[in-house]
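Number of protein chains: 2
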Amino acid sequence: MPRPTPLSGYPEWLPAQRAVEQQVVDELRRTFELHGFAGIETRAVEPMSQLLRKGEIDKEVYVVSRLHADPDAAPESDDRRLGLHFDLTVPFARYVLEHSGHLQFPFRRYQIQKVWRGERPQEGRYREFCQADIDVVGDGALPFHHDVEVVEVMAEAMSRLPLPPLRMQVNNRKLVQGFYRGLGVDTDEAVASTLRAVDKLDKIGPDAVRATLVADGLSSAVADACLRLAAIEGTDSSVVDAVRALGVSSPLLDEGLDELATLLDAAGGTRGNVQVVAALKIARGLDYYTGTVMETVMVGSEHLGSISAGGRYDALASDGRTTYPGVGISFGVTRTFAPLLARGALTGSRSTPSAVLVALASEEARPAARREAAALRARGIPCEVAPAAQKYGKQIRAAERRGIPFVWFPAEATDDGAPAVRDIRTGEQVPADPASWTPPAADLRVGVVRSDADG
Amino acid sequence: MPRPTPLSGYPEWLPAQRAVEQQVVDELRRTFELHGFAGIETRAVEPMSQLLRKGEIDKEVYVVSRLHADPDAAPESDDRRLGLHFDLTVPFARYVLEHSGHLQFPFRRYQIQKVWRGERPQEGRYREFCQADIDVVGDGALPFHHDVEVVEVMAEAMSRLPLPPLRMQVNNRKLVQGFYRGLGVDTDEAVASTLRAVDKLDKIGPDAVRATLVADGLSSAVADACLRLAAIEGTDSSVVDAVRALGVSSPLLDEGLDELATLLDAAGGTRGNVQVVAALKIARGLDYYTGTVMETVMVGSEHLGSISAGGRYDALASDGRTTYPGVGISFGVTRTFAPLLARGALTGSRSTPSAVLVALASEEARPAARREAAALRARGIPCEVAPAAQKYGKQIRAAERRGIPFVWFPAEATDDGAPAVRDIRTGEQVPADPASWTPPAADLRVGVVRSDADG
Chain A
41 MPRPTPLSGY PEWLPAQRAV EQQVVDELRR TFELHGFAGI ETRAVEPMSQ
91 LLRKGEIDKE VYVVSRLHAD PDAAPESDDR RLGLHFDLTV PFARYVLEHS
141 GHLQFPFRRY QIQKVWRGER PQEGRYREFC QADIDVVGDG ALPFHHDVEV
191 VEVMAEAMSR LPLPPLRMQV NNRKLVQGFY RGLGVDTDEA VASTLRAVDK
241 LDKIGPDAVR ATLVADGLSS AVADACLRLA AIEGTDSSVV DAVRALGVSS
291 PLLDEGLDEL ATLLDAAGGT RGNVQVVAAL KIARGLDYYT GTVMETVMVG
341 SEHLGSISAG GRYDALASDG RTTYPGVGIS FGVTRTFAPL LARGALTGSR
391 STPSAVLVAL ASEEARPAAR REAAALRARG IPCEVAPAAQ KYGKQIRAAE
441 RRGIPFVWFP AEATDDGAPA VRDIRTGEQV PADPASWTPP AADLRVGVVR
491 SDADG
Chain B
41 MPRPTPLSGY PEWLPAQRAV EQQVVDELRR TFELHGFAGI ETRAVEPMSQ
91 LLRKGEIDKE VYVVSRLHAD PDAAPESDDR RLGLHFDLTV PFARYVLEHS
141 GHLQFPFRRY QIQKVWRGER PQEGRYREFC QADIDVVGDG ALPFHHDVEV
191 VEVMAEAMSR LPLPPLRMQV NNRKLVQGFY RGLGVDTDEA VASTLRAVDK
241 LDKIGPDAVR ATLVADGLSS AVADACLRLA AIEGTDSSVV DAVRALGVSS
291 PLLDEGLDEL ATLLDAAGGT RGNVQVVAAL KIARGLDYYT GTVMETVMVG
341 SEHLGSISAG GRYDALASDG RTTYPGVGIS FGVTRTFAPL LARGALTGSR
391 STPSAVLVAL ASEEARPAAR REAAALRARG IPCEVAPAAQ KYGKQIRAAE
441 RRGIPFVWFP AEATDDGAPA VRDIRTGEQV PADPASWTPP AADLRVGVVR
491 SDADG
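Line by line, the protein sequences are chains A and B.
Position in the first sequence counted from 1, then plus 40, gives you this note's numbering.
Position in the second sequence counted from 1, then plus 40, gives you this note's numbering.
Some hints here could point you the wrong way.
In this list, chains with the same sequence are indistinguishable; a pair is considered to hold if it fits within one copy or across any two.
Said to hold, decoys possible - Derived pair list, reagent style EDC-like, types lysine to aspartate or glutamate, alpha-carbon separation capped at 20 Å:
no. : residue 1 : residue 2
1   : LYS434    : ASP179
2   : LYS154    : GLU81
3   : LYS431    : GLU52
4   : LYS434    : GLU468
5   : LYS434    : ASP242
6   : LYS154    : ASP228
7   : LYS431    : GLU404
8   : LYS154    : GLU168
Don't read these hints as lab results, they were simulated from the structure.
Make a model of the complete structure from these sequences and hints.
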């Protein structure tokens, strides 16, 4: 067959690139598990009736059908028809309801899986991509300290990834909605439309937002107050003072201010490359958030949009008897790393897990070489025996091409009849015992290499 | 919404079960990487034209389409229409062709991913399931020692899994076909139909196979010889003597015998729970195998069919200029473990990664408790702070219900004002420093628990 061409929107990686992606997933998982989040996987498909519940995203859903389904059969109902999940929240809500009798609440879970959306592909937007979600779910009630927890866990997880500086912006819906109420915006509908208008601040600028608010019926003074609130930022509870200074009050505002102050006291500030900062313009478009909201951008790559986002929802799921509130954050693994991998800003130090290539003197020496390789593996050192007994120069160059740092010479391959290992980056060769020699820790696994351009 | 019901053929696990599945995947990956196999992932979808190339399995393919695709548009060609992959071999062959210019050959890769088939679900047969494949692929040629390698690597990987005794049966197509040729079965078609008939030996028994062979035109004596060959088994090169004793010879038979003897010398016999044994009845139905073939069964659960299978194929892929021969084995992760998890023969020791629950004296003590938890995590100990400051007895029982082995009491929660840790299985409580205390290694991760019934 002719050489296949890539499918737009479905990124795929060469082995060295995939090694970086795998390490990212491993690191996320490690952090989530250290904090007691249990890993689950849900099936890739859900009934269309579940996937279409939110309405607004139905254009993006991929329907799955058997090739030889009977074309004359009555069309299947959306309860029976299946589609690929487009996020991990809808399947998780279903999982919680389906298995609630077997789960202990509050239930803390992480989930790292592919999701699919039939969107037009572009940089940072894919049709198949990997998401890493953490959520804590309660049955009936869920204390606020879990909001603090998910922010801390995701900030810690992101701080361990090979990424440029990140800015995790947090806000609180109660604060914003309470502020609007205190200003006299007095219907749910008016509060919601004000929120939607302010959410466009970064896209259209303050003048256009003010015009929208006034057109929506707000007075000039109220519109200005909304914009002044949206301009407030900070990493500690001075943010609360700045809001108070605007002279507005309402019970809901007080509640939101308390929550935001608690969050900032515990999690505000900088950890490695991640800054957690209150930014009161952050609204998150989705209706179901009811308290804390957060989104993270890469500093300098804000045009890629948020790489991580989430919030508190009072009703993740409900079965009529019990309502399950939750708080969670999703991190876009593909969305964040695909652009970095694609332009070479990040790659792996080698195209194989092997830290050592065991050289071969002759095909007859293969069994002996295999034994020495097995001795290295028994101590956790990834290695492989050369595929052919070529001249040593050729074997070394083959290792070099794949980025393997060490070549091992079994006893029968050295002048003095004792095994030796060569660091082919320096050319230094030393006698070595396969039962005890160990490479430097940094060479044991594939390293993550950043290009100079991206620091 | 009402409680959702499971989807037949799409197994899903509770957290303790998922922990076992995750450890299986980790262990497979670790072994593959120790042997220098590079991990890749391919997208879930392939063009239908690729998926339907083999013809025989087209009924099983799931087609993927956008919900709002224009119903009046001309139907898409199979080059553009997409389906979910039903194995990892078809996508890997496409990957090799697409990226051949960027790969180093021989290319050793592993791939652990979900695949989908629209089959009727039953025990051991699922619609969504996880496969773990290893393959070595060459450009133009691939030496036989790679056949030995994949058998050894998969046997080693399986020997590290929590499984009952396994029997990995190997054979060689050249040997069998050469034997038939030596008997005078002299057309490709007759050789193939003889192979297919013998492949049914376990299902229909020797008498029915003999009848089929004779009906196909073989003499009684030739049919008997085919059955005598199929009866030969053994873990060493005595198998070769047994074949020679049948008094048949042909150049292809010699080649096959040499290969099988080499394989048995290096990999025959028992490693842990895995026995590698030549069984000359093994044929593997698929046409594309050209030399080594292998399949693995669980001893005592042969009715579940093979849990791992593979072989040598002279043409994994071809772009017209270069042909890529390969040898590989696939291990059915879901197929093997779903029945064991579903009937409780295996489960995890706890429903959370947390080895420690940090108890809480009061809500005010939460920040201090969080600091002690962070000190434990800094040394790789998964832990969590109690969700509420209930009575200690309640906090301990909550840990017990989830299988968490240790409860940590921060300084302000103990009588003497020094932190302490209690093993809640024994009740033993000792003073402990969060900067140095470590649980026994066996308690650090979720353990795999086998039920007595399955040993």
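*20 Å Cα cut-off: does LYS434 pair with GLU468 within a copy, between copies, both or neither?*
within (17 Å within a copy, 62 Å between copies)
*Classify it for me, LYS154 with ASP228: is the Cα-Cα distance of at most 20 Å met within a copy, between copies, both or neither?*
Neither: 36 Å inside a copy, 44 Å across copies.
*Homo-oligomer pair classification [ASP242, LYS434; C-alpha up to 20 Å]*: Classified as neither; 57 Å inside a copy, 49 Å across copies.
*asked:* Regarding LYS154 and GLU168, is the shortest C-alpha distance of 20 Å or less found within a copy, between copies, in both, or in neither?
replied: Classified as both: same-chain Cα gap 7 Å, cross-chain 14 Å, threshold 20 Å.
_Intra- versus inter-subunit Cα pairing at 20 Å for LYS154 with GLU81_ = both (10 Å within a copy, 11 Å between copies)
*asked:* When Cα atoms must be at most 20 Å apart, do LYS431 and GLU404 count as within-copy, between-copy, both, or neither?
replied: Intra 15 Å, inter 70 Å, cutoff 20 Å: intra-copy only.
*Since the copies are identical, ignore which copy is meant and state whether LYS431 and GLU52 lie within 20 Å (CA to CA) inside a copy, between copies, both or neither.*
neither (35 Å within a copy, 52 Å between copies)
*Indicate which option fits the pair LYS434, ASP179 if close means a Cα-Cα distance not exceeding 20 Å: within, between, both or neither.*
So LYS434 and ASP179 pass the 20 Å test across copies only (18 Å; inside, 64 Å).
The structure shown violates the earlier hints numbered 3, 5, 6.
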